[in-house]
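So the sequences go chain by chain: A and B. If you count by the numbering used here, then the first sequence holds residues 1 to 120, one letter each, in order. If you count by the numbering used here, then the second sequence holds residues 1001 to 1532, one letter each, in order.
Calculated from the structure, these hints are not laboratory results. We put the beta carbon where it would ideally sit given N, CA and C, even for glycine. One or more hints might be untrue.
Restraint-style ranges between C-beta atoms, simulated for each label pair [as the list claims (entries may be wrong)]:
#1 A/T29 <-> B/Q1098: 15 to 21 Å
#2 A/N100 <-> B/Q1098: 37 to 43 Å
#3 B/D1444 <-> A/A93: 24 to 30 Å
#4 B/E1454 <-> A/S20: 45 to 51 Å
#5 B/D1444 <-> A/S20: 26 to 32 Å
#6 B/Q1098 <-> A/A87: 33 to 39 Å
#7 A/N100 <-> B/A1441: 51 to 57 Å
#8 A/R71 <-> B/F1447: 28 to 34 Å
#9 B/V1072 <-> A/A93: 47 to 53 Å
#10 B/A1075 <-> A/D97: 53 to 59 Å
#11 B/E1119 <-> A/R71: 40 to 46 Å
#12 B/S1308 <-> A/D97: 18 to 24 Å
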Amino acid sequence: MASFKETFAKIEAAIGDLTSLEVTTYKGTINIKKTIDAKPADNKELDFSDILKQLTVDGADIQLVASTLSRLDGDTTAFIDKNASAAELTAHAQLLDSANAKRNALIQVIEAAVSGVVKR
Amino acid sequence: MQGAQGEEDFAALLDQATSAGHLPDPWQVVRPDLRDANRANSDLYIRALRSRLFSLGYTDDKELKLGDLTPVLSAAILRFQSEARLKPDGWAGPDTKQRLQQLVSFEEEQDPEGWDIDEDPGDLPAVQRAAYLRLYTLGFMDWEDDAQALARQPSCDPVSNPVAREALRAFLALAQKLGLVAAAPAPVLSVPVLRLLFGHDAMIRALATRPDFIADDDNQKFIDAIGRVELWLLDYDVKLAGGDNTHYRLAASPRAAAGTQRVDAVQDALSDLRQRFPKANLPGPSGGFLIFGRSLKFSSQFFALTNSLNNAHEEDAANEAEVEDQILAAASSKADSEDIIGRLNELASRVWDGFKRLWGFLKRLVKAATIAIKDQVWRIARFISARARGAFEFVLKAIEIVHRGSVYLRSRVFPASSPDVAILAFGRDFDVSFFVSQAAAFEDVRFIVDKDAEETHFFVAASRILSALVGIILEVVKIVASNIAGWFLLLLALSRIAGRIKDLVEAVGSIDADSLKTFDTRDAALFSNPVR
């Protein structure tokens, strides 16, 4: 049975380096259906690094569409393929927005905790 | 960090309360069946819901013994919603719960004008059932005649149901006699008639001043029925509507026959009230008392007492900081502290037992249980009773969100991903990898991106709740030093959480209920309910 302790611990463990955020969009041919189907049946989490590994093994055709590195201090570095379509870039930007929203929300949690301690 | 320690303490307290059964287990396994996506997730809530629907004849007593959401209960919810002019979605959310409370509860929502029903309430089959139930419980039906039981009625409308009509006519005549109305209105469920029928407090107030009415032979069945209701509301274990009130308890002396003795629950309760409220001058002895030459159980003094319990301390709860200060002050003396802990522990086992009494009943219990003890304790209990239950429901939702939100913090592939379209994966610290298939249609890709945006709302909500929890953790840790009973701290924390989460609930409430369903059946139970 899960417990509150475990839940809090899990959240705490997940909070690692929030200072940078990286969103990367690839395009290519995916031939990993077997892997995707098999793992949930085993009730295991899928790992994107496994997928990438398999893509490499299969010699799949992959290309980088866009990559954005956003730092907490506001610095942002972006790579955009000149052949990327507007639709692909829109999707990429939306994912970046969502990821930023999540990171910021968690940072606010931490701020709340810190300010609570300070108030004490 | 102090906060981390506080978090651990708080988590341990929550876990302790869960394992002790004071809080339901939020991780309780529920079937990830999306057909039942609107399931209520709290066992306590389901039991209370089932009890209410049973009272109105929407389920049978076999159903009462079950603890989970069943197809029968789902069908009953749908039918009730349909008959109460609520959105028939099978989701027994706050609106459904409130309407059930309005119709079944004795002490709350006594004015039908406040029920927020657009049409004439008496036209609603659910209201007709509630009126029938009320008439039955108050003694205007033949309790011995099984054919008059609510569950046997094809329609409860007094216009078409002669039993209901005669009962309503008898009630209205009695209401006139009691002085609640100048002239008995026609036996139809108009708003003024419903106001009389559901105006429980007005009846009690009138009975408190009418010993002659109480002594009248013609009124005895009603007096007995409403007297039982009052005892039941005070949490005495009496049966309503003519139920057998004989029970057995261990005899005081082991030499007594078979070690048990027969007890009349009503007499037992009255005897207890006499002891607890000596100033109320309840007539005795326990076998009844003589008035106008008749032996009666219930007296005008009895109704005066219950009326005073009902009306005592109706003002709003004091602000949280003030109550907390009072708790700490009260706990500073060992004797007072022990008294508080003893009283509250006694209360604790009942607070979360929603089966027999739902929330409104607890308020009376609290009043009755604490009226004779120290004022501080009463204030504490009142504070808890006013806030904790509502907060508790918020907490269940908060836990769902926090737990669901934490899923994002694992390295995983977004459930909507498909190799033919796109794979969206989250790394730790929110890094995102997005792999789009060369052959994918853009609208399919867009769907996945939009779903991620939608679930981002949940994560943001989860984080806000977590912020609230963190704040509470810190405050709870501060109070722990005062050494009050652990579960009580939990109640305090829960009651405090209500205000903090209110704005969050509003924010999340704007998200459409359907969007809370997830793609992954493993997590289906977590977000299968709308958060309001």
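Task: Hint check against the structure, violated hint numbers in rising order - done: When the structure is compared with the hints, numbers 1, 3, 4, 6, 7, 10, 11, 12 turn out to be violated.
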